[in-house]
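So the protein sequences, as listed, match chains A and B. Start counting at 1 in the first sequence, then tack on 204, and there's your number in the numbering used here. Start counting at 1 in the second sequence, then tack on 5, and there's your number in the numbering used here.
Quick caveat, the hints were computed from the structure, so don't treat them as lab data. Predicted model only: the values in this text are computed from it and were never measured. The beta carbon of each residue, even a glycine, is placed where N, CA and C say it ideally should be. Honestly, I wouldn't trust all of these hints.
[Claimed, not checked] Mimicking SDA-like on lysine to any residue, the simulated pairs with C-alpha atoms at most 25 Å apart in a straight line are:
1) B/K42 / A/R456
2) B/K84 / A/S322
3) A/K354 / B/Q93
4) A/K354 / B/P86
5) B/K84 / A/R456
6) B/K84 / A/R459
7) B/K63 / A/G330
8) A/K354 / B/E121
9) A/K354 / B/E95
10) A/K354 / B/C107
11) B/K28 / A/H324
12) B/K42 / A/L328
13) B/K42 / A/P341
14) A/K354 / B/R137
15) A/K354 / B/E106
16) B/K63 / A/I323
17) B/K84 / A/R395
18) A/K354 / B/K63
19) B/K67 / A/V441
20) B/K84 / A/H473
21) B/K67 / A/A298
22) B/K42 / A/M396
23) B/K67 / A/P320
24) A/K354 / B/E112
25) B/K42 / A/S322
26) B/K28 / A/I323
[Stated by the list, open to error] Far from chain A, by Cβ distances over 12 Å, these chain B residues were calculated:
27) E19
28) S60
29) G82
One-letter residues, chain by chain:
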Amino acid sequence: MPHNTVAVVGAAETTKLGVVPDMSQIQLHADAALNAMADCGLGPKDIDGIATAVETPVQLAQYLGITPTWVDGTSVGGCSFMIHVRHAAAAIEAGLAKTILVTHGESGKSRVGNPPRSIHPQSLNGQFEQPFGPMGPPSLFTIPVLRYMKTYGVTEEQIAQVAVVQREWAGMNPRATFRNPITTEDVLNSRMIAYPFRLLMCCLVTDGGGALILTSADRAKDFPQKPVYILGTGESVETPMVSQMEDFTSSRAFRVAGPTAFKEAGITHKDVDHLMIYDAFAHLPIYGLEDLGFVGRGEGAPFIAARNTAPGGKLPMNTNGGGLSYMHSGMYGMYALQESVRQMRGISPAQVPDAKISVCHGVGGMFAASGTIIFSNQRP
Amino acid sequence: MPEPGRALPQPTPETQHFWEGTKAGELRLQRCDACAKVYFPPRPFCPGCASRQVSVFKASGKGVLYSYVIHHRPVPGFKPPYAIAVVQLEEGPRMMTNIVECAQTPEALQLDMPVEVVFEAQTDTITLPLFRPAKG
């Protein structure tokens with residue numbers, strides 16, 4: 205289904221990002237949603253569809269004063285918001301709703317109104333992974349990487365360079381959490397978390413939120429902001445258990461979501477001016493570049509190390525600094541979407557000149573899920 | 006008060022045979038009677054062809070170290086640094102485990118090294134399958 209008839213007309217993050225102990229998680233959703241409504245001049249009564257993750261659409265609809273005719277509570281981790289955008293585009297095309305709000309809010313650092321999520325000992329993860337000592341994403345998301353490194357001869361230095369390049373982008377962004385330049389040596393000398401991953405190869409833990417408002421492309425021209433059109437979308441899931449991935453060197457969910465979005469958009473890799481690949485950890489942009497077909501197998505790390513994705517490179521990637529340096533509340537996908545929208549509006553602090561097409565690729569869980577959105581500022 | 010131990014599984018009807026197996030000193034996998042696929046984790050049907058005709062069998066307990074991290078943060082029941090590993094079993098499936106009787110270092114933990122299952126009782130009912138470098 206070609207999604208060329210729907211556009212983002214409102215987009216905003218929470219007023220504050222980083223450490224926000226004075227807002228609970230649901231208020232972070234609301235703060236972002238109110239900012240996005242203000243961005244496009246709408247109010248809650250104008251919105252008839254709502255999608256969100258972790259918090260339910262029921263909670264958000266009541267809290268914000270929205271009476272929806274369409275809801276989506278897909279909650280598959282950090283790429284849930286890419287999938288919400290995909291479902292929202294389909295819903296608008298099908299006439300199920302006219303104006304859809306997608307919200308994210310997460311008190312990831314301060315943990316106000318964000319109770320800890322536990323893994324039940326009767327679940328498959330609880331029976332066949334938790335007894336062996338993992339503690340959250342740094343010790344799980346990273347497990348396939350030694351196999352990847354051995355398969356393709358990739359070094360720790362090359363993985364460290366992902367973090368170095370992204371810090372360069374973060375340095376241009378006044379809202380980024382970490383902005384000071386770092387070197388490969390800084391990364392390799394940072395504290396060991398889960399060999400081969402050191403602290404600076406792992407994402408931040410912060411508080412924040414973001415929201416998007418979508419409507420039909422025909423209506424989009426009547427809003428104050430430059431419309432950002434949805435060209436193509438994709439989604440998939442693979443496994444809740446990282447140990448059960450089919451291939452430790454590649455994500456099946458990436459290989460489904462990415463090409464589906466490219467096919468829908470009818471574009472090739474050469475058409476892409478700007479790229480976001482969800483980087484909870486430094487290996488994810490490497491897997492993403494390969495699984496989306498921007499480079500061949502085993503070429504992702506040298507491609508980044510050769511500065512192709514750095515400022516001045518031919519494929520600017522993660523231009524907000526990414527989850528490694530910009531912010532990461534736990535489910536980063538919304539912030540990647542926000543940067544793609546800023547780039548398409550031409551207002552990013554690290555604006556790519558004349559960018560017309562942006563690919564935004566997300567991951568959920570530990571390679572559990574994926575969603576890809578392709579945006580353009582040109583009406584197809 | 007004793008220190009809290011590691012997280013332990015609670016078997017379900019679909020996984021009971023696996024945990025009864027580890028308690029009896031056997032690593033039990035399942036094979037599809039229709040398409041011969043060997044699979045893990047346990048379920049009473051084949052994830053390859055959806056047949057409900059499946060059999061439990063005793064696996065060799067042999068495999069290779071497929072990938073791992075060496076965790077440096079504290080977790081109840083573990084003394085950092087310790088490896089969280091995935092082994093590739095001779096029969097095909099992969100499973101998460103720990104590598105015991107081996108230094109928890111990159112030098113000692115070489116990918117593709119042969120490993121074999123050992124069983125470590127945690128409680129009267131739960132025994133975990135761990136792996137050690139293969140002997141001989």
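Notebook entry, point to check: Going through the earlier hints one by one, which of them does the structure break, listed in rising order?
Noted result: 5, 6, 13, 16, 18, 19, 20, 21, 22, 23, 25, 27, 29
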